[in-house]
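Sequence lines, in order, name chains A and B. Be aware that the first sequence starts at 1, since it is given in my numbering, and climbs by one per residue. Be aware that the second sequence starts at 1001, since it is given in my numbering, and climbs by one per residue.
Since the hints were made in silico from the structure, they are not lab data. A quick note: this is a predicted structure, and the numbers were derived from the prediction, not measured. It is possible that some hints are incorrect.
[Stated by the list, open to error] Partial list, derived from the structure: chain B residues whose beta carbon lies under 7 Å from chain A:
| # | residue |
| --- | --- |
| 1 | R1074 |
| 2 | S1083 |
| 3 | L1132 |
| 4 | D1134 |
| 5 | I1137 |
| 6 | T1151 |
[Claimed, not checked] Below, a list of computed lysine to aspartate or glutamate pairs in the EDC-like style, where the Cα atoms sit at most 20 Å apart:
| # | chain 1 | residue 1 | chain 2 | residue 2 |
| --- | --- | --- | --- | --- |
| 7 | A | K134 | B | E1183 |
| 8 | B | K1064 | A | E135 |
| 9 | A | K134 | B | D1078 |
| 10 | A | K134 | B | E1077 |
| 11 | B | K1166 | A | E141 |
| 12 | B | K1190 | B | E1095 |
| 13 | A | K134 | B | E1052 |
| 14 | B | K1005 | B | E1072 |
| 15 | B | K1166 | B | D1134 |
| 16 | A | K134 | B | D1012 |
| 17 | B | K1064 | A | E141 |
| 18 | B | K1160 | B | E1077 |
| 19 | B | K1014 | B | E1072 |
| 20 | A | K232 | B | E1077 |
| 21 | B | K1028 | B | E1183 |
| 22 | B | K1190 | B | E1072 |
| 23 | A | K232 | B | D1078 |
| 24 | A | K232 | B | E1110 |
[Said to hold, decoys possible] Examples of chain B residues toward chain A, derived with CB under 7 Å:
| # | residue |
| --- | --- |
| 25 | V1068 |
| 26 | Q1071 |
| 27 | R1086 |
| 28 | V1088 |
| 29 | L1092 |
In this text, a Cβ means the ideal position worked out from N, Cα and C, and glycines have one as well.
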Amino acid sequence: MWLLIWQAVGTMIGKDILLVTPAVAFLRLIQLSVTAEFWASIFFSLTRIGLGFSAGVVVGVLFAYFSFYHQRVREFLEPMMQTIRSVPVASFIILALIWFSSKNLSVLISFLMVLPIMYQNTLAGMESADPLLKEMASVFEVPASRYLRYIYVAQLMPFVRAGVSVSLGLSWKAGVAAEVIGVPSRSIGEHLQHAKIYLDTPSLFAWTIVIVGLSVLFEKSVLALMDFLAEKARVMR
Amino acid sequence: MIRLKNICKSYDGKVVLRDVTMTLQEGKTHVLVAPSGAGKTTLLRILLGLVEPDEGTIEGLTGKRIGVVFQEDRLVEDLSALSNIRLVNRNLTRERVTEELALMGLEGVENQPVREFSGGMKRRVALLRALLSDTDILLLDEPFKGLDEKTKDGVMERTKALCRGKSVLLITHDQQETAAMAEEVFLHPKGFES
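Work out the full structure, taking the sequences as your base and the hints as a guide.
The following block contains the structure:
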């Protein structure tokens, strides 16, 4: 339905430079997809944003763990998390460009977008863990490994999953924005920047379709993997 | 034999237990009957080591493992009935647990997550978890709460069989449960402040 509306509006305007029709955008996408550079750019952006996202998840969960058990760590980390949440992503990008090369800029920016979300969600999950179940486990002398696997992780999982779901989309948006500003060669962001400079609207739409598709695919794959692992961990041998 | 001597406990100046003295015989089922709010659960928490008494001593608990049915079911909602029970005793086989669940009227639901169970079904899983735990002492706080009369008879019969040989303290205020389960009754004993 939305595709039809898009097609109708695009046809009505009749100027590709303002709004291309879906047919033109997908045709451009097909033309791009047969080039080696297209796949190299996807590989470049995917690996860097994926790396930043993974690092953000790992560090966010670890920081939450230490904050939960040590009040001083929490007091130390809270202002940093608050700052990262409040500072505009463009400020981080420009600041990072002064310090680092643009090649790995999207790793840092994705990491910074994911970190506070994962920290906050994991901490909330740990705080909501049922103390009555902990007491039950201690009375029955359930070994720590079994407690962690079957009780604690099960209670934590919905919070971590929600954090991952939100931060996946953000890491893509912010990662590509960083590439557009930093323009590292052979990245998706570079192609978007070139599309802007040369007023190549069909390419702009084609690359946007690629970004949306990759973001959705990335999110679905990561969440499916998490659900699979959580289900596997829950089954008692 | 477990001896409780002159156990006292107060919360914010309000006396809950005053000089409670009682003895639990080895291998017997004892039923403690006292009104609601009289401190029965506090006594149970003291026996579990979750609360320190203000005064008094407990002898005979060292090295003993304790299984418990709390007032709440305290089940892991996402786990199946089978897993909840095997969580506390890894030596239990699936077959044994499935068989025991069926004897408690829970046939064919062993693999369902307990979040899908009714209150009465959850209570039976919590009870069976304690009864099948590898423990010497059982503390059962109103274990038949929420069960309908028809189910309760069968569950009490099976509970009695599984309690054999263990030292049991069952807390209730139900006369039928007391008559069916007790080998020794502490009827409104001294020291419980209601």
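We went through each hint and held it up to the structure:
Taking 7 Å as the C-beta cut-off, the interface hint given for R1074(B) holds, the closest approach to chain A being about 4 Å. At a threshold of 7 Å, the smallest CB-CB gap from S1083(B) to chain A is about 4 Å, leaving the interface hint in force. Residue-level restraint check for L1132(B) is violated (minimum Cβ-Cβ distance to chain A is 11 Å; threshold 7 Å). Interface hint status for D1134(B): violated, as the beta-carbon distance to the closest one in chain A is roughly 9 Å, over 7 Å.
With a least beta-carbon distance of about 11 Å to chain A, the hint placing I1137(B) at the interface is violated under the 7 Å criterion. Interface hint status for T1151(B): violated, as the beta-carbon distance to the closest one in chain A is roughly 24 Å, over 7 Å. Restraint check for K134(A) and E1183(B): not satisfied, since their Cα atoms lie roughly 32 Å apart, outside the 20 Å limit. As the CA atoms of K1064(B) and E135(A) are separated by approximately 17 Å, the hinted pair is consistent with the 20 Å bound.
Pair hint K134(A) plus D1078(B) holds up; C-alpha atoms about 15 Å apart against a cutoff of 20 Å. In summary, the hint linking K134(A) to E1077(B) is supported, as the alpha carbons are separated by about 14 Å, within the 20 Å threshold. Simply put, K1166(B) and E141(A) have alpha-carbon atoms about 18 Å apart, close enough for the 20 Å limit, and the pair holds. Under the criterion of a C-alpha separation no larger than 20 Å, the hint pairing K1190(B) with E1095(B) is inconsistent with the structure, at around 45 Å.
Distance check on the hinted pair: K134(A) and E1052(B) sit about 18 Å apart at the alpha-carbon level, within 20 Å; holds. The suggested pairing of K1005(B) with E1072(B) is violated, with an alpha-carbon distance near 28 Å, which exceeds 20 Å. For the hint pairing K1166(B) with D1134(B), the CA-to-CA distance comes to about 11 Å; that is within 20 Å, so the pair holds. Under the criterion of a C-alpha separation no larger than 20 Å, the hint pairing K134(A) with D1012(B) is inconsistent with the structure, at around 25 Å.
As the CA atoms of K1064(B) and E141(A) are separated by approximately 12 Å, the hinted pair is consistent with the 20 Å bound. The hinted pair formed by K1160(B) and E1077(B) fails the criterion: a straight-line CA distance of about 27 Å is larger than 20 Å. A distance of roughly 24 Å separates the Cα atoms of K1014(B) and E1072(B); the hinted pair therefore is violated under the 20 Å criterion. With a C-alpha separation of about 16 Å, the suggested pairing of K232(A) with E1077(B) holds against the 20 Å cut-off.
With a C-alpha separation of about 6 Å, the suggested pairing of K1028(B) with E1183(B) holds against the 20 Å cut-off. The hinted pair formed by K1190(B) and E1072(B) fails the criterion: a straight-line CA distance of about 26 Å is larger than 20 Å. Restraint check: the Cα-Cα separation between K232(A) and D1078(B) comes to about 13 Å, which is no more than 20 Å; the hinted pair holds. With a CA separation close to 18 Å, the supplied pair K232(A) and E1110(B) stays within the 20 Å bound.
Interface restraint check for V1068(B): the shortest CB-CB distance to chain A comes to about 5 Å, inside 7 Å, so the restraint holds. Annotation: interface hint on Q1071(B) violated; nearest CB of chain A at approximately 10 Å, more than 7 Å. For R1086(B), the suggested interface contact is upheld, since its CB lies about 6 Å from the closest CB of chain A, less than 7 Å. The closest approach between the C-beta of V1088(B) and any C-beta of chain A is roughly 4 Å, which is under the 7 Å cut-off, so the hint is satisfied.
A hinted interface residue such as L1092(B) counts as satisfied when its beta carbon comes closer than 7 Å to some beta carbon of chain A; here the least separation is about 10 Å, so the hint is violated.
Against the hints set out earlier in the document, violations occur for numbers 3, 4, 5, 6, 7, 12, 14, 16, 18, 19, 22, 26 and 29.
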